[in-house]
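Number of protein chains: 2
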Amino acid sequence: MFSFKITHQDKNSKARCARLSTPHGEVETPVFMPVATQAAVKTISPRELEECSAQIILSNAYHLYLRPGLEVIEDLGGLHNFMSWQKPILTDSGGYQVFSLAFLRKYKDEGVEFQSHIDGSKHFLTPEKVIQIQKTLGSDIIMPLDDCIEYPATHEMAKIALERTTRWAKLAKDEYKKLNLSQTQALFGIVQGSTYEDLRKQSAKELTDLDFFGYAVGGLSVGEPQDLMYEMFSVAMDSLPQQKPRYVMGVGMPEDIFEAIGSGVDMFDCVIPTRYGRNGSAFTSEGKLTVRNAEFKSDDKLLDPNCDCYTCKNFSRAYLRHLFNSSEMLGLRLVSLHNIYFFIKLTQDIRESIKEDRFSEFKDSFLNRFSQLSKV
Amino acid sequence: MFSFKITHQDKNSKARCARLSTPHGEVETPVFMPVATQAAVKTISPRELEECSAQIILSNAYHLYLRPGLEVIEDLGGLHNFMSWQKPILTDSGGYQVFSLAFLRKYKDEGVEFQSHIDGSKHFLTPEKVIQIQKTLGSDIIMPLDDCIEYPATHEMAKIALERTTRWAKLAKDEYKKLNLSQTQALFGIVQGSTYEDLRKQSAKELTDLDFFGYAVGGLSVGEPQDLMYEMFSVAMDSLPQQKPRYVMGVGMPEDIFEAIGSGVDMFDCVIPTRYGRNGSAFTSEGKLTVRNAEFKSDDKLLDPNCDCYTCKNFSRAYLRHLFNSSEMLGLRLVSLHNIYFFIKLTQDIRESIKEDRFSEFKDSFLNRFSQLSKV
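Quick note, the sequences are listed as chains A and B, same order. Residues in the first sequence are numbered consecutively from 21, following this note's numbering. Residues in the second sequence are numbered consecutively from 21, following this note's numbering.
If you are wondering where the hints come from, they were derived from the structure by calculation, not from laboratory data. Treat the hints with care, as some may be off.
If several chains are the same, the list does not tell them apart, and a pair holds so long as it fits within one copy or across any two.
Below 16 Å or equal to it, Euclidean Cα-Cα: the simulated EDC-like pairs (lysine to aspartate or glutamate) are [to be verified]:
| hint | residue 1 | residue 2 |
| --- | --- | --- |
| 1 | Lys107 | Glu48 |
| 2 | Lys317 | Glu94 |
| 3 | Lys333 | Glu68 |
| 4 | Lys321 | Glu94 |
| 5 | Lys317 | Asp95 |
| 6 | Lys193 | Asp229 |
| 7 | Lys25 | Glu46 |
| 8 | Lys321 | Asp95 |
| 9 | Lys317 | Glu91 |
| 10 | Lys264 | Asp229 |
Since the structure is predicted, the reported quantities are computational estimates derived from the model, not experimental observations.
Given only the sequences and the hints, what does the whole structure look like? Please build it.
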């Protein structure tokens, strides 16, 4: 059921196009995955996601395990049916959420103990249990439990965390084999190693030896300088198998996306479109635009005149500004919808540019135009 | 441009069907008007309203005058363009909002002085100014400034308020004529008189003598007992011209709607579908259902299996409960959308029943079924 086939390698960069096949359909990469942490892309309906040409979305094992709980999702026939989304879903393991949200964490060799950020209830997640959880969810692509650490971290701390991540990845893979999931779900490995080149290489090598269907790069976009993040993209991509899908987690702004793709990344996810949308920041071809700004008070221009989304086909900046000023939720919806459309359209355009061996030119022209509003 | 033609009179009740023509299209009555107080039906897009077969929506002169302000709406080409809704719009004058929201109100013969509920700024609204405001908005049906009072009110207070409402209605009509609006906007009169039969009759007679295109009944659904409200529906309808459109403001629950239509009411508006929707109360054919209830934890049934709306075609009660429990705005949207669809479909079904002279039978069977959930 699963395959990954590179369809075009850009002649002038490491960017490539590929086709990822899953039991719920095919995904053309590079691909941006909207984030549905709690089984909903914030404010957006599944129908709207389809209209934005979303190919695959991301959800989260930690969140769904805590609420509504696995029993509910099992009763409802799995995550796809639960949220009425029949295209591919990737679920993150929850390693990052245990690190960033849960209370009273205790990391042990066998797993991590914590208290729920929702109700303080105690839980113990092991690499095996995290695979079992994602089996119940029925997501197409699943992630092993990883040990996430803060930035900055010492080399020693980062090494301990990456080596634990490798041990857990092996236990996850064993459980995945034992449960015989290879026809229904694909398991990725997660590269850790903070901002240390040697550790990123060590992590990539150890995971490659374990042979996963694909590889994710975790522990980035957590506060490190942009140039270090970009260096880690490059180190990780050069250390991972070329013929496998590669995914950078939690990235990012348009320029980060270009940088990742230019390093050979195929997949990425980020909450930026919906988080910025709820704050009234719209991504346009000329840069980020804050719809509350007084300058848009009587601006009858469409949000982004170059965009074909529902919002941009129907509503002026003045109206969107009014909705935000009046605390009307429709405003959050309309700007979130536009931002998701914008990020997906950006990756569509990038795919076209790669197929025509003009990725670098497209990157330069896009980013040059995208910086216009910030220059004003 | 404006006409009102009764197309069928029910043989066994005062219910009737009619066709109301406006410059932005025709409206089949009896009609439910979703409420877009601040130029947006809360959480719902204009496209979704059209898919719910909404024929006409209600907005509010007081709110739009204060925010975004008339200059903005004028710059954007009027309210229809501003909110991207090209079907008919009715605007309320703001008399009720001055009474219920504004600070430091002082009623004078010439109008009402108040401070904005948003920023405390001082304003003085006169009957003439309220017509000018609605001219700028460009709504199809406009209302004169009225003097709303609380319930309970003494007979003396109610008489003073209704007589002021009549004087203001005359000034409104004079301004309406002076501005030559009859081809673009239709002006209604608003019947007041609290719960006093003699005052309701006096108000209806005085307004009828002034000859408006249609008539609204205000000052109901403000806390009075249901039987008094129903009595006032009946008194007002029997005192107003039969050949004119009649509108009861701010009503109501399904049984109130049946009662109003059975008294001869053609139009009504209410925030109930969206307000209840945001609280997770869904109207279904069997009654009101609270989606947060524990009983729906693993309920894979659609919200209302007898409904054809987007929500009911796609989402289980368990999923909607999860969205509310997780504070996901998508839940508010989906239940609000369903409720609007439900109220509009109810009035469609009522129109069909009137055309077939079986309004009373339909009322009985609908309300009997609608009481099932509350009996459990």
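Each hint tested on the structure:
1. With identical chains, the CA atoms of Lys107 and Glu48 are at most 16 Å apart within one copy only, with a shortest distance of 13 Å there and 40 Å across copies.
2. With identical chains, the CA atoms of Lys317 and Glu94 are at most 16 Å apart between copies only, with a shortest distance of 12 Å across copies and 49 Å within one.
3. Taking the closest pair of Cα atoms, Lys333 and Glu68 come within 16 Å of each other both inside a single copy (14 Å) and across two copies (15 Å).
4. In the homo-oligomer, the alpha carbons of Lys321 and Glu94 lie at most 16 Å apart only across protomers (15 Å), although the nearest pairing inside one protomer, at 47 Å, exceeds that limit.
5. For the homomeric pair Lys317 and Asp95, the shortest alpha-carbon distance between copies (10 Å) is at most 16 Å, but the shortest distance inside one copy (49 Å) is not.
6. In the homo-oligomer, the alpha carbons of Lys193 and Asp229 lie at most 16 Å apart inside one protomer (12 Å), although the nearest pairing across protomers, at 85 Å, exceeds that limit.
7. Taking the closest pair of Cα atoms, Lys25 and Glu46 come within 16 Å of each other only inside a single copy of the chain (11 Å); across copies the shortest separation is 56 Å, beyond that limit.
8. Taking identical chains as interchangeable, the C-alpha atoms of Lys321 and Asp95 lie at most 16 Å apart only when they sit on different chains, with a minimum of 11 Å there against 48 Å within one chain.
9. Proximity of Lys317 to Glu91 under the C-alpha cut-off of 16 Å is restricted to the inter-copy arrangement: shortest distance 10 Å between copies versus 49 Å within a copy.
10. When the C-alpha separation of Lys264 and Asp229 is checked against a cutoff of 16 Å, the pair qualifies only within one copy, where the shortest distance is 13 Å, while the shortest distance between copies is 82 Å.
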